[in-house]
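A.B. asks: The listed protein sequences derive, respectively, from chains C and Z. Count along the first sequence from 1, then add 25; that gives the number in the working numbering. Count along the second sequence from 1, then add 406; that gives the number in the working numbering.
Please keep in mind that the hints were generated in silico from the structure rather than gathered at the bench. Wrong hints could be hidden among the right ones.
25 Å max Cα-Cα, derived SDA-like pairs, lysine to any residue [stated by the list, open to error]:
#1 Z/Lys505 - C/Asn78
#2 Z/Lys505 - C/Asp111
#3 C/Lys52 - Z/Leu453
#4 C/Lys76 - C/Gly110
#5 C/Lys52 - Z/Tyr504
#6 C/Lys87 - Z/Leu453
From a predicted model like this one, the values you see are computed outputs, not experimental measurements.
If you want the building blocks of each chain, they are given just below.
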Amino acid sequence: NAGVMQNPRHLVRRRGQEARLRCSPMKGHSHVYWYRQLPEEGLKFMVYLQKENIIDESGMPKERFSAEFPKEGPSILRIQQVVRGDSAAYFCASSPIGQRAGELFFGEGSRLTVL
Amino acid sequence: KQEVTQIPAALSVPEGENLVLNCSFTDSAIYNLQWFRQDPGKGLTSLLLIQSSQREQTSGRLNASLDKSSGRSTLYIAASQPGDSATYLCAGGRTGTYKYIFGTGTRLKVLA
Numbered sequence: 026n027a028g029v030m031q032n033p034r035h036l037v038r039r040r041g042q043e044a045r046l047r048c049s050p051m052k053g054h055s056h057v058y059w060y061r062q063l064p065e066e067g068l069k070f071m072v073y074l075q076k077e078n079i080i081d082e083s084g085m086p087k088e089r090f091s092a093e094f095p096k097e098g099p100s101i102l103r104i105q106q107v108v109r110g111d112s113a114a115y116f117c118a119s120s121p122i123g124q125r126a127g128e129l130f131f132g133e134g135s136r137l138t139v140l
Numbered sequence: 407k408q409e410v411t412q413i414p415a416a417l418s419v420p421e422g423e424n425l426v427l428n429c430s431f432t433d434s435a436i437y438n439l440q441w442f443r444q445d446p447g448k449g450l451t452s453l454l455l456i457q458s459s460q461r462e463q464t465s466g467r468l469n470a471s472l473d474k475s476s477g478r479s480t481l482y483i484a485a486s487q488p489g490d491s492a493t494y495l496c497a498g499g500r501t502g503t504y505k506y507i508f509g510t511g512t513r514l515k516v517l518a
């Protein structure tokens, strides 16, 4: 019974490179959320997706960041031309539909370090 | 703008004590309220979910309540144990959105 799976768990990039973070939701879950946790700060909402649709991206920086959740395969958070300020833990969560809709289940996170 | 405040920011107690963690919202139009624990370097583990029609939830030694009129939630931990040491986070979502707003957490340390 796999939970939310995120990879890679740790990623090191140099400034200007691209980072791709992947998230597979729990089985049966069709809603995916991405959150960012900066050192010593709380989790900040970035984007909410359903299969092939971005529902709410109000927390995404306007530039360099994009997210997708294709019909097949994991959700991907893509950060282009990374800068040191992008260093953070990126968490993915999924939730079911129906009676427990909105209950979040988190992955272990992907920790991005930008050199 | 929705803000979530958790008090205290840090707490250190001897083993066996009962304790209460507090969470308050500036916006009382809460749909779901969820409590999590986070261990250092790890993800978030869901503890309790209080849905709109509910006032409290219990799981083992944990009890969470939600008072929407005052915009407050409390997490009660009975007979605390060293294994309870972690950061506890509350998160609330307004009606019509699944965009949860998180508090900055309470760092709990239970001393053996």
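A.B. asks: Now, for every hint given, state plainly whether the structure supports it.
C.D. replies: Verification of the supplied hints:
1. Z/Lys505 - C/Asn78: holds, 15 Å
2. Z/Lys505 - C/Asp111: holds, 21 Å
3. C/Lys52 - Z/Leu453: holds, 20 Å
4. C/Lys76 - C/Gly110: violated, 29 Å
5. C/Lys52 - Z/Tyr504: Since the Cα atoms of C/Lys52 and Z/Tyr504 sit roughly 19 Å apart, the hinted pair holds (cutoff 25 Å).
6. C/Lys87 - Z/Leu453: The given pair, whose Cα atoms are some 33 Å apart, is violated under the 25 Å limit.
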